[in-house]
Amino acid sequence: MTYVIIGTSAAGLAGAETLRRLDPKARITLISDESHLPYSRPLLTYLLGRETTREKLFLRSLDYFREWGFETLLGTPVTRVDPGAHEVHLADGRALPYDRLLIASGAKPRLPPIPGLELSGVFTLRHLADVERLERHLAHARRVAVVGAGAVGLKAADALAHRGLAVDLLARGAQPLSKVLDQVSARLLMEAIARLGISLHLNSWPTAVVGNGGRVTAMALNDGRELPTDAVLFSVGVAPRVEFLAGTTLAAPEGIPVDEHLQTGDPDIFAAGDCVLPRHLLTGAPAAFHIWPAAVAQGEVAGANLAGAARRYDGILPMNSISLRGCRIITGGHLTPDTPEGEIFEELDATTGRFKRLVFDQGRLVGATLVGEVRHAGIYFRLIANRTPVKDLPVDPRSPHFHPGRLWARPLPGAA
Amino acid sequence: MKTVIVRPERCVGCLQCRLACAVEHSQSKDLVAALGEAWRPVARIAVYPGGRHLSFPNKCRHCDPAPCEAVCIAGAIRRNPARGTTDIDPVRCINCGMCAMACLFGVLTFAPTPQAPERRAVALKCDHCPDRQAQGRPPACVEACKVGALNYGEPAAEMAAKGRFLAQAFFAASQGASESPVPDSIRLWRQLG
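Chains as they are written, first to last, in our numbering: chain A, 80 to 495; chain B, 141 to 333.
Read the hints as simulated data drawn from the structure, not as lab findings.
Mixed in with the good hints, there may be bad ones.
Derived CB-CB ranges, DEER-like [stated by the list, open to error]:
id: 1; chain 1: B; residue 1: 170; chain 2: A; residue 2: 428; range: 41 to 49 Å
id: 2; chain 1: A; residue 1: 487; chain 2: B; residue 2: 171; range: 24 to 32 Å
id: 3; chain 1: A; residue 1: 170; chain 2: B; residue 2: 177; range: 52 to 60 Å
id: 4; chain 1: A; residue 1: 287; chain 2: B; residue 2: 205; range: 46 to 54 Å
id: 5; chain 1: B; residue 1: 307; chain 2: A; residue 2: 428; range: 49 to 57 Å
Sample of chain B residues lacking proximity to chain A, with all beta carbon distances greater than 12 Å (derived) [claimed, not checked]:
id: 6; residue: 159
id: 7; residue: 187
id: 8; residue: 198
id: 9; residue: 265
id: 10; residue: 277
id: 11; residue: 320
id: 12; residue: 333
C-beta: ideal position from N, C-alpha, C; glycine also.
Chain A extracted, bound-state conformation (with noise of 0.2 Å):
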């Protein structure tokens, strides 16, 4: 068999080691259009904190192409897929046959359709790449403005006061993270935000960059006013790669559509990672959510169906972890229940900064937001996981006493 696998992040690697460890002897080719070696991208904003080095970014080592057997085409872009002659087109003109191929192509940055993207001092956080041309422009940059206040643009933000640099940070609702946090956990947060010196703007987006001489001076907003910078850092979100698939039937412009087995329309053709539009592991509809872990948790599916496991992806469940300095915050789940019997639960310790907040529906948790102590989220996510009915439990999840004591330890019978 010769397998194609396009991408060599989370899902890619993912995918290649599932797939070798099913089938030892099979022709696994890797293309990326990076000629890197595979590196973790959330941990870009850390490196632009200066919180982690650069060699600490290569989740591989240099051998780990041979030690795997894998044959590797980097810094080579794929241009098309032909479903019907079984071939990828690389940009040098090539054509890769394979058996089965797997698409790994991830997401790319999304940027807002105004004047002003061409200055020099536009940027966005997503390749390494990237991280180099920010460092070179902020040598000689004091103020910087961060547009979007999702996950990755809080952490650039926090990564780029920490360096010192007067921080900019617009959010478009009237809140950060306001598809993931309710108004008390978003409170705690933009007291954090405040206290690392950011200057967070709500309810504000850019209507034009400005620029003089070629460079970013300033940033045009909604309200009217200008926001002078020296840099500007686009994190509005991202959207999948998949023009190479123009042409084809595979793709929608929301991600690639996958059954429960990670395969596309085209029964040689598996997907997985941020270029694909999984089904939400509660609802059932269509959810893009794009997180590191939920691209590998798909990449091992896709590689293991590759080899013809047919195994199940049980669906995406959103959550994700927010570490600024100073506030730890963890997510997940639904925001608000989807019938009007669930019901939300919220307990907040003003002296201490600690928030839970849980909410129900129809018996069962569906989402959890945990602030300050966030040692048991992974509980309260397999129960959301699992549809496991609160009346199951030993222990309501409301309670104090909610915990791995509650939970685990048990009487023998006859010692009550």
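Starting from the known structure of chain A, arrange chain B on it as the hints suggest.
Here is chain B on its own, set in the frame of chain A:
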């Protein structure tokens, strides 16, 4: 591969394991000296009240494959096949909290450590005391446990021993019982002899 086997039914919640764990993971490995160290020693085992006078010692199970390893964006959590542990490298850990999001047992603690002095905090959990293992000694919590709630052994061997014990106990208990009682006539006849 040896591991710490927990018998929660024996735990009395004395917290000696926590103290021993914190001391073992201090720089001096000495209780009195550890109190004055710049990095406050942190226990990687927790003891929760379980209700009805039961306690529950909770620590890393060293899962294989480990959910925390799969989600770690820093490549800091790796399986050590030689020791049978899932280990966190504090130098690579970036304190992002993803492991706490994935851990089914709630065993992660975030605190500063002398192994990564430049970091505000890193993820900490049980490491089966590698320094002690090198000396052929059991983990600190096991040595400290006075009631046999924490044991260091081979899970397969411990399960086999427990199976044998249960089989013998069952056999012994069944000896007294008899399928059909001896009829009175035969009992009296035996008394004659």
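Take a quick look at residue 187 of chain B and tell me if its Cβ sits farther than 12 Å from every Cβ on chain A, holds or violated. Check fails; 8 Å does not lie beyond 12 Å.
Would you say residue 198 of chain B is clear of chain A, with no C-beta pair closer than or equal to 12 Å? 4 Å, violated
Is residue 320 of chain B truly not at the interface, in the sense that its beta carbon sits beyond 12 Å from all beta carbons of chain A? 28 Å, holds
Over 12 Å from every CB of chain A: does residue 277 of chain B meet that, or does the non-interface label fail? Holds: least Cβ distance 27 Å, greater than 12 Å.
Examine each Cβ of chain A, and state whether all of them lie more than 12 Å from the Cβ of residue 265 of chain B. 10 Å, violated
46 to 54 Å as the expected CB spacing between residue 205 of chain B and residue 287 of chain A, which holds or is violated: 50 Å, holds
Kindly confirm whether 41 to 49 Å is satisfied by the beta carbon distance between residue 170 of chain B and residue 428 of chain A. Hint violated: Cβ distance 35 Å, outside 41 to 49 Å.
Status of the stated non-contact between residue 333 of chain B and chain A (beta carbon gap over 12 Å): About 41 Å separates residue 333 of chain B from the closest Cβ of chain A, which puts it past 12 Å; holds.
Hint check for residue 171 of chain B and residue 487 of chain A - Cβ pair distance inside 24 to 32 Å: 30 Å, holds
If I claimed the Cβ atoms of residue 307 of chain B and residue 428 of chain A lie 49 to 57 Å apart, would that claim hold in this structure? 51 Å, holds
Verify the CB-CB distance for residue 170 of chain A and residue 177 of chain B against the hinted window 52 to 60 Å. 57 Å, holds
Closest CB of chain A to the CB of residue 159 of chain B still more than 12 Å away: Fine: 18 Å to the nearest Cβ keeps residue 159 of chain B off the interface.
Hint compliance for this structure: hints 1, 7, 8, 9 are not met, and every other hint is.
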